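> Take these sequences, add in the hints, and give me the full structure.
From first to last, the protein sequence lines stand for chains E and R.
Numbering (our numbering) for the first sequence: 1 to 82.
Numbering (our numbering) for the second sequence: 1 to 401.
Rather than coming from a laboratory, the hints here were simulated on the basis of the structure.
Don't take each hint at face value.
[Claimed, not checked] Which chain R residues face chain E? A few, computed with CB under 7 Å, are given here:
{"#": "1", "residue": "Q150"}
{"#": "2", "residue": "L151"}
{"#": "3", "residue": "V152"}
{"#": "4", "residue": "R168"}
{"#": "5", "residue": "M169"}
{"#": "6", "residue": "P358"}
Source: prediction; values computed, not measured.
Where is the CB? At the ideal position from N, CA and C, for every residue including glycine.
Below, each chain spelled out in residue letters.
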Amino acid sequence: MTDDEQEIFDKLSELLQPFNEKQVELKPQTEIAVDLAIDSVSVMDFVMEVEDHFDMDIPLNVLSDTHTMKDMISVVQARKKT
Amino acid sequence: MVDLLDKNKALLDRMQRVAEAGSRVGPVNEKLLSPTRAIIDGRDTILAGTNNYMGVTFEASCIEAGQQALAEYGTGTTGSRIANGSYAIHEELEQELAGFLGMKHCIVFSTGYQANLGMMAGLAGPKDTIFLDADSHSSIYDGCTLSGAQLVRFRHNDAADLDKRLTRMGDTGGGHLVVLEGIYSMLGDRAPLADFVEVKKKHGFQLLVDEAHSFGVLGPNGCGLADEAGLMHEADFVVGTFSKSIGAIGGFGASNHPMFETVRYSSKPYMFTASPSPASVATATAAIKVLAREPDRRDRLQSNSARLFHGLRGLGLELGCNEVSPVIAVKCADEPSTLVMWNELLAAGVYVNIALPPGTPGKLCLLRCSVSAAHTEAEIDRIIELFATVVAGNQLAAASA
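Okay, structure coming up:
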């Protein structure tokens, strides 16, 4: 990971902790909903925290193609540029 | 090859846990005795979880209208209104509703769920953006997805959060639709409509209010939250259902927009499904007339709701919201204890809803009551008494454990 990706990964990990009830170890390839066994509402609540932290909108439409932490990093990077 | 239902194994586990706790979600009503009583498992049970807010399901004029429509128009319409044409009673219902709401146009859908699918998909398209409250009903989420619009979720009942997101989004080149609910189905709280209207004045979006749980219930004319807030003119679109205060099945969208009739042709959930059956249409029309001529039903619902709200709060139970509403949800500690209490309430003679994540906001486990104008004070008192025995004791034990 680049420094920028690592920084986003660390922040995402921190924001995800309140939803990570099973304390699953987070890696770039971790599938957020599947590996953490969290429901769709929790995923949307997590995304809302990400939106607020990075001051960006992440429309729900992009979530259907966003599964892993790495996917989420890419979403944040892409939307930081817009 | 993977079995398609393999992914439902977690659901199966959950269904088995519910069964092991002693019952199944959605028990069978063996016989309906009245809008507020049924025989369940051979026992006379108070119904306090059926959203029968106005208690019209056994109203003589509604039953008579339904029977007459069955005799005159038959059992079903066998197709959509676009393909098969309308029945005169479909148009009569739309006119009756438009008159009740004081709006120019009304479109009837076959269910409340489809009303939201049809309205979202009929109004918004891929170039538009829908801003929806985080606690929105599943039919709103699904309607938004069907529309293909860009979806932005804002924090529940937080007009400042919506303002922030609209500002951040700026001009997208498409339309912006904001979706609110009059009364939220799980916690019973209302949208702070005046606050949202201030944001509307600043950003100029179009506003849709889903009055599913508030139509017939709130406001001096029973039109819903927008009526209660004196802001009917600010609701560009109103959605509602016949399955709650109207006691039938179906839903509607209404508006003063001069092009609203075109939604019939831009909405697949309207075009490609059978139109509501004659008996449903006729009972809905009759029920709207009952609501219009008997405003005291709203007063009875309000006083019954206040009685249950204060009664349950008096037991020290934590409720879903701090204002009197016909939806009164009791917050419980966790899923296993909620299941046990729900079963005990049912065995003792009161049916309420059990609501569990992800169907609830904030991972809450709820015992959700819905009040009816048809509940007697004695029934309300009995519900409070049973919550005192079954729930308050259990909650206190859990708190001190």
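> Could you work out which of the previously given hints the structure breaks and list their numbers from low to high?
Nothing - there is no hint that the structure violates, so all of them hold.
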